[in-house]
Amino acid sequence: ELKVEQNPLFLSMQEGKNYTIYCNYSTTSDRLYWYRQDPGKSLESLFVLLSNGAVKQEGRLMASLDTKARLSTLHITAAVHDLSATYFCAVDRSSGDKLTFGTGTRLAVRP
Amino acid sequence: DVKVTQSSRYLVKRTGEKVFLECVQDMDHENMFWYRQDPGLGLRLIYFSYDVKMKEKGDIPEGYSVSREKKERFSLILESASTNQTSMYLCASTSGYEQYFGPGTRLTVT
Numbered sequence: 001e002l003k004v005e006q007n008p009l010f011l012s013m014q015e016g017k018n019y020t021i022y023c024n025y026s027t028t029s030d031r032l033y034w035y036r037q038d039p040g041k042s043l044e045s046l047f048v049l050l051s052n053g054a055v056k057q058e059g060r061l062m063a064s065l066d067t068k069a070r071l072s073t074l075h076i077t078a079a080v081h082d083l084s085a086t087y088f089c090a091v092d093r094s095s096g097d098k099l100t101f102g103t104g105t106r107l108a109v110r111p
Numbered sequence: 001d002v003k004v005t006q007s008s009r010y011l012v013k014r015t016g017e018k019v020f021l022e023c024v025q026d027m028d029h030e031n032m033f034w035y036r037q038d039p040g041l042g043l044r045l046i047y048f049s050y051d052v053k054m055k056e057k058g059d060i061p062e063g064y065s066v067s068r069e070k071k072e073r074f075s076l077i078l079e080s081a082s083t084n085q086t087s088m089y090l091c092a093s094t095s096g097y098e099q100y101f102g103p104g105t106r107l108t109v110t
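Chains A and B are the protein sequences, given in the same order. Using the numbering used here, the letters of the first sequence correspond one by one to residues 1 to 111. Using the numbering used here, the letters of the second sequence correspond one by one to residues 1 to 110.
What the hints contain is simulated information worked out from the structure, not anything from laboratory work. It cannot be assumed that every hint is accurate.
As the list claims (entries may be wrong) - With a cut-off of at most 27 Å between alpha-carbon atoms, the simulated BS3-like pairs for lysine-lysine come out as follows:
#	chain 1	residue 1	chain 2	residue 2
1	B	K3	A	K98
2	A	K68	A	K3
3	A	K3	A	K41
4	A	K41	A	K17
5	B	K55	B	K70
6	A	K98	B	K55
7	B	K18	B	K71
8	A	K68	A	K41
9	A	K41	B	K71
10	B	K3	A	K41
11	B	K57	A	K3
12	B	K55	A	K3
13	B	K13	A	K41
14	A	K56	A	K17
15	B	K3	B	K53
16	A	K98	B	K71
17	B	K3	A	K56
18	A	K98	B	K53
19	B	K18	B	K53
20	A	K41	A	K56
21	B	K70	A	K98
22	A	K41	B	K57
Just so we're clear, the structure is a prediction, and the values are computed from it rather than from any experiment.
Using the sequences provided together with the hints, build the complete structure.
Below is the structure:
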């Protein structure tokens, strides 16, 4: 059974600082997703990582995938308040688009 | 833009009622999914469908059923709602690598 662990579960950051969210998963997969969720809202797709060594960047967020280590990271550079949200990673089970989600990381960026 | 819509944003029902949650996508996607989201648990897959009239159980199907009579519509049914089904319900459809999520329905069962 595929398990997906995220850490930390909660992250309070100061504006301007850098930090990394980690996503570990337990079995082989060839697809990993990162989503953002604002309070009371649905999930917004941030990144889809499809292969070992994949790196994608959008603004202050950069995601990477190491399939051998079964690890993905979401790096935040020079955090701003607008990045405050909950971030989820999700791993494809390699059988028809079914995803297993991590528990989420709630990010709060303070001035 | 892909659109996945859900029939209600907020719903309050009583224990024992039959509840229907509707999801519609406008991009002719074959695969559709129902998840529930609870604090500290992330999203968990309830049911999914790869085609019309086809359905498969996800990880937590107990207490739920689904219906897919048309390609664009995937309904989640709570046959007899219970308080432990109070949750946020999210529908999704997929195209290629992307999963598109609806806005969610926050269901409260009293």
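For each hint, the structure was consulted:
no., hint, verdict
1, B:K3 to A:K98, "holds, 20 Å"
2, A:K68 to A:K3, "holds, 16 Å"
3, A:K3 to A:K41, "holds, 25 Å"
4, A:K41 to A:K17, "holds, 26 Å"
5, B:K55 to B:K70, "holds, 12 Å"
6, A:K98 to B:K55, "holds, 13 Å"
7, B:K18 to B:K71, "holds, 23 Å"
8, A:K68 to A:K41, "violated, 34 Å"
9, A:K41 to B:K71, "holds, 25 Å"
10, B:K3 to A:K41, "holds, 15 Å"
11, B:K57 to A:K3, "holds, 18 Å"
12, B:K55 to A:K3, "holds, 24 Å"
13, B:K13 to A:K41, "holds, 21 Å"
14, A:K56 to A:K17, "holds, 20 Å"
15, B:K3 to B:K53, "holds, 22 Å"
16, A:K98 to B:K71, "holds, 18 Å"
17, B:K3 to A:K56, "holds, 25 Å"
18, A:K98 to B:K53, "holds, 18 Å"
19, B:K18 to B:K53, "holds, 21 Å"
20, A:K41 to A:K56, "holds, 24 Å"
21, B:K70 to A:K98, "holds, 21 Å"
22, A:K41 to B:K57, "holds, 26 Å"
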